[in-house]
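With the sequences and hints as input, model every part of the structure.
Quick note: to get our numbering, add 2 to the position in the sequence shown (first position is 1).
Check before you lean on any hint, since a few could be wrong.
What the hints assert, rightly or not - Ranges between beta-carbon positions, derived for each pair:
1) Lys105 x Pro457: 34 to 40 Å
2) His182 x Met447: 37 to 43 Å
3) Lys223 x Glu496: 31 to 37 Å
Simulated from the structure, these hints should not be mistaken for laboratory data.
Note that the Cβ used here is the ideal one computed from N, Cα and C, for glycine as well.
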Amino acid sequence: MAKNLVIVESPAKAKTIKNFLGPNYKIEASMGHVRDLPKSQLGIDIENDFEPKYITIRGKGELLAKLRKEVKKASKVYLATDPDREGEAISWHLLHSLKLEDKSTFRITFNEITKNAVKDSIKNAREIDMNLVDAQQARRLLDRVVGYKMSPVLWKKVRKGLSAGRVQSITLKLICDREHEINDFIPEEYWSLDAKLEIKETKDIFTAKFYGTLDEKIELKNQKQVQDILEELKGKTFKISQIQEKERKKKTVLPFTTSTLQQEASKKLNFTAIKTMRIAQQLYEGIEVKDEGTIGLITYLRTDSTRISDEAHNNVIEYITNNYGEAYANKTHSQEKKEGVQDAHEAIRPSYVHLSPDEIKASLSRDQYKLYNLIWRRFVSSRMMPAINIIKSVKIDSGNYRFTTALSTQLFDGFLKVYKEDEEKEDKQSISKLNDTSKLKKLEMLDEQHFTQHPPRYTEASLVKTLEENGVGRPSTYAPTIATVMARGYVSKENKQLFPSELGEIVNEMISSYFDGVIDVNFTASMEKQLDDVEVGAMEWKDVLRNFFPNFEKKVKIAEEEIEKIELKDEETDIICEKCGRNMVIKMGRYGKFLACPGFPDCRNAKPILEKVEDVLCHKCGGEILVKKTKKGRRYYGCEHNPECDFMTWNLPTTVKCDKCSAIMVDKGKKLMCSNDECKNVVSKE
Numbered sequence: 003m004a005k006n007l008v009i010v011e012s013p014a015k016a017k018t019i020k021n022f023l024g025p026n027y028k029i030e031a032s033m034g035h036v037r038d039l040p041k042s043q044l045g046i047d048i049e050n051d052f053e054p055k056y057i058t059i060r061g062k063g064e065l066l067a068k069l070r071k072e073v074k075k076a077s078k079v080y081l082a083t084d085p086d087r088e089g090e091a092i093s094w095h096l097l098h099s100l101k102l103e104d105k106s107t108f109r110i111t112f113n114e115i116t117k118n119a120v121k122d123s124i125k126n127a128r129e130i131d132m133n134l135v136d137a138q139q140a141r142r143l144l145d146r147v148v149g150y151k152m153s154p155v156l157w158k159k160v161r162k163g164l165s166a167g168r169v170q171s172i173t174l175k176l177i178c179d180r181e182h183e184i185n186d187f188i189p190e191e192y193w194s195l196d197a198k199l200e201i202k203e204t205k206d207i208f209t210a211k212f213y214g215t216l217d218e219k220i221e222l223k224n225q226k227q228v229q230d231i232l233e234e235l236k237g238k239t240f241k242i243s244q245i246q247e248k249e250r251k252k253k254t255v256l257p258f259t260t261s262t263l264q265q266e267a268s269k270k271l272n273f274t275a276i277k278t279m280r281i282a283q284q285l286y287e288g289i290e291v292k293d294e295g296t297i298g299l300i301t302y303l304r305t306d307s308t309r310i311s312d313e314a315h316n317n318v319i320e321y322i323t324n325n326y327g328e329a330y331a332n333k334t335h336s337q338e339k340k341e342g343v344q345d346a347h348e349a350i351r352p353s354y355v356h357l358s359p360d361e362i363k364a365s366l367s368r369d370q371y372k373l374y375n376l377i378w379r380r381f382v383s384s385r386m387m388p389a390i391n392i393i394k395s396v397k398i399d400s401g402n403y404r405f406t407t408a409l410s411t412q413l414f415d416g417f418l419k420v421y422k423e424d425e426e427k428e429d430k431q432s433i434s435k436l437n438d439t440s441k442l443k444k445l446e447m448l449d450e451q452h453f454t455q456h457p458p459r460y461t462e463a464s465l466v467k468t469l470e471e472n473g474v475g476r477p478s479t480y481a482p483t484i485a486t487v488m489a490r491g492y493v494s495k496e497n498k499q500l501f502p503s504e505l506g507e508i509v510n511e512m513i514s515s516y517f518d519g520v521i522d523v524n525f526t527a528s529m530e531k532q533l534d535d536v537e538v539g540a541m542e543w544k545d546v547l548r549n550f551f552p553n554f555e556k557k558v559k560i561a562e563e564e565i566e567k568i569e570l571k572d573e574e575t576d577i578i579c580e581k582c583g584r585n586m587v588i589k590m591g592r593y594g595k596f597l598a599c600p601g602f603p604d605c606r607n608a609k610p611i612l613e614k615v616e617d618v619l620c621h622k623c624g625g626e627i628l629v630k631k632t633k634k635g636r637r638y639y640g641c642e643h644n645p646e647c648d649f650m651t652w653n654l655p656t657t658v659k660c661d662k663c664s665a666i667m668v669d670k671g672k673k674l675m676c677s678n679d680e681c682k683n684v685v686s687k688e
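Below, the structure written as structure tokens:
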């Protein structure tokens, strides 16, 4: 009997599906894409209305020949690639590569790889959705045009081998812009004032924070202001003026989307975005589980929706009721679709909620268990009742001033029994016995100086959140985009924080100067909207390119003309190569400038540039201040006597000495700031 042929992307997925279909089905894998644009050329006939030139990917010829043999033996062919635009496009390319136009060919999709989902997909087989294919073609060609037209400009300006991309360039710009904000940031002084108090009746001790006067809130800006208040409070008693108790509900978290999964996995598990997606793919495609066989453990991992199916909702409510009690089950939970969300797939959730992480831990690798545990707990908690706290807010007056304190007491843990989004800070203040008649005794006043902090550098988690909030890219693009800017050497990561390298700053400055409209956040978000319109058939896919290309081409021509005038050449130095006697030149590498012999490849001598900050000496030991680089390529300034001398700063040192502690002052734009962290004196340059 002729068999039905099912083609998926990966062997792991094929192995899982094989368990659900009978002997009449042969399962084969395409190993991902089989056709693409050629790497050696643009591959788009711009003069012929942006007609793409697709070719078979190198190394796929033998695989396609094998698939064609299987096609001949099959009565029906089912294309079961992933349920998104890219998956639809892979199926379309398979249709052409395997010459399936005259064959009984069907497209099937499933959000989870379970027996019911796979069998239902065959019952509901359909034709290839060309709107989805065209949306993917528009994105692929758009990114190819931007990358293949902008990259040569970088080669002329900086060096060969660099690349620029549409979403990649915006990601780099966000990181560079944040670094500029940090460099320009001037910390401002502020103070806190706390009263350490004792409840006379119980001897319990607690702390109340300064609020202001009885009439208004006051911000404490300097030490004199604090000292004046302390002077006024001398001899004054502290008394309770108001106690309020309120019930507060802590909202249940939502199931994961691609973005929120990457963010939480970064914060909780220290996973990179690319690692999170790789492990999630493994959980989706199938894992060999003891007593269960090979099964897909989670639903599709690329989604921007928090919606779940009615069946999944009913199953998890039953699980919660049986394992935690009926009081924890939120049977009426609903979630409205947010504006701008495609909602093509469900949220990321376990395919089988009854398979708890601990139950199948032995079948999972360490990282698989960690991620599955995170997804499972998030999903189960999303259908549990809110946590309920009692908040006791207390106002305490002394003279004309007011202090406040609060205590949160949990009445019902609700979803927190399963999942905590952030570590809950325990409030150990002993004010539970505090009431309107309690007498207070002042033990001491605690005043402390603080400085405002610059905006935080992006982490992978916060960058993904920003990209999503601004509509830049889609769930499938976040991880590879971040990985690309790091692989190119434009961005480095230290202690989870993302820093632009010197090379990244140069590339960003050049692209921002010549292609400002192309890498504008709003422009890219509107481009994503156009791709969404193509997906639903509201826009012809080539119109995206027709609208974009003319203005972009003008920018490329202007950049090419001006780049030729300012092309960078290797700067010759007076440093002699000790191997061949030539004058060494300054070249640009992955992490910035370095010294190299111009006799390459005959002489391969190279070394770092020991650049000095002129006329500035270390205030700790009198040594020269050198421009240095971290291992990841980030520039900083340090003493030549390191490690014996620990002086270092991220900002450019100046010849000005601090008038308070005699340390070096560093440049902060319009102001100078003391490099001594304990001093932080700030003065105007004028």
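Here is what the structure says about each hint:
Range check, Lys105 to Pro457: about 57 Å between beta-carbon atoms, so the 34 to 40 Å window is missed. His182 and Met447 have their C-beta atoms about 40 Å apart, which keeps the hinted 37 to 43 Å range intact. For the pair Lys223 and Glu496, the supplied restraint of 31 to 37 Å holds, since their beta-carbon distance comes to about 33 Å.
Of the numbered hints given earlier, the model fails hint 1 alone.
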